[in-house]
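Residue numbers (my numbering), protein chains in the order written: chain A, 1 to 167; chain B, 1 to 182.
Pair ranges (Cβ atoms, derived):
id: 1; chain 1: A; residue 1: H6; chain 2: B; residue 2: E10; range: 31 to 39 Å
id: 2; chain 1: A; residue 1: D59; chain 2: B; residue 2: E10; range: 17 to 25 Å
id: 3; chain 1: B; residue 1: D90; chain 2: A; residue 2: G31; range: 39 to 47 Å
id: 4; chain 1: A; residue 1: P5; chain 2: B; residue 2: T95; range: 38 to 46 Å
id: 5; chain 1: A; residue 1: P5; chain 2: B; residue 2: A123; range: 22 to 30 Å
id: 6; chain 1: B; residue 1: H171; chain 2: A; residue 2: R68; range: 33 to 41 Å
id: 7; chain 1: B; residue 1: T95; chain 2: A; residue 2: H6; range: 37 to 45 Å
id: 8; chain 1: B; residue 1: G72; chain 2: A; residue 2: G23; range: 40 to 48 Å
id: 9; chain 1: A; residue 1: V58; chain 2: B; residue 2: R65; range: 17 to 25 Å
If you're looking for bench data, these hints aren't it; they were derived computationally from the structure.
Glycine residues also receive a C-beta, built at the ideal position from the N, C-alpha and C atoms.
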Amino acid sequence: MTPAPHLSERMPAVALGEARWSGAEREHLAGCAECAAEWEVVRIGSALGRGLEGEFDVDRAVTGVTTRLASEPARVLRMPRRRWLALAAAAAVLAVAVLRAPSGPRVEPATAAPVQALLPELDGLGEDELEQVLLVLPAVNRVGPTVPGLGDLSEDELETVLETLEG
Amino acid sequence: MTSPSPAPQEPDETLVARYRTGDERAATELVRRHAAALGRYLYASGAPSAEVDDLVQETFFRAFRKIGSWRGDAAFRSWLFRIGGNLRKDLFRRTGDRVVVPLLDSDLRDGADPEGEAVASDAEARIRRGIGELPRLQREVFLLRAQEGMGYDEIAAACGTTPGAARVHYHHAVRRLKELLA
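Please work from the sequences and hints to get the whole structure.
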């Protein structure tokens, strides 16, 4: 038997105590293995960690966060130079790929290849590092659509790209 | 003269705006308001209990450091959950990409039916492990719906997807988790 849609929709609210099953719904749950299994999943999922929430030391969290915010002033990410160079290379190749991509949404294979080659490197980056790459892309893009690739940039222009990346 | 503390009903948006102008009490209020729910979300996602405290603090720290990127199109709590979920994922990656949900003696409550309690705890552990292994969107949608009681519109805004897709993710998640109990 397929779970009744209205029953399925109401499960989270009932599990959270915001609603109650009617007599007919209880009867259906008792006789329908599919609905009963779904109710079990939602009931358990809803209750997971409920005890932890009650025991959670909010004061400690407040102290920990505010102390750290006060002791570690906002700063740019500090990474080893090699890490920055990897980031710079990844961002630069992506930027070139964006600049060279035709107006359509598809990326030509010749352009996609270097990007794919960098995917393992990108995959290894943390969330903040990936965000840095994404933040940098528009800045590189502002160089203009006439820039064909890194190989054609002068040393000064390459420095500018790296400075943009390193903040 | 003491300045008044933030009113309990003050919306998150207002607190965030105050924090952006340098009011650190707003940060305190936001942590108080969301820390326990965030801890529960991380625990339900499979984060080891011993790591939850640190993950919660790290999540808030990062959130406040990049508060400018919260544009208010999703609930502040959902945004925190997203950051926390990414940190949890990073933790799993560092520890070998495995969701470790040990069944501890302390997980078994005292009761008249210890066998029944053990079965219930086993089901809980399986569901928790299963949630941790779901694809990100399925996990987020399931927990936002089951634990926070959010509707699909709100979930869609929080997860950057459509209400229809959120509904599909939810049902895929439920189907996968049901298989764990079969």
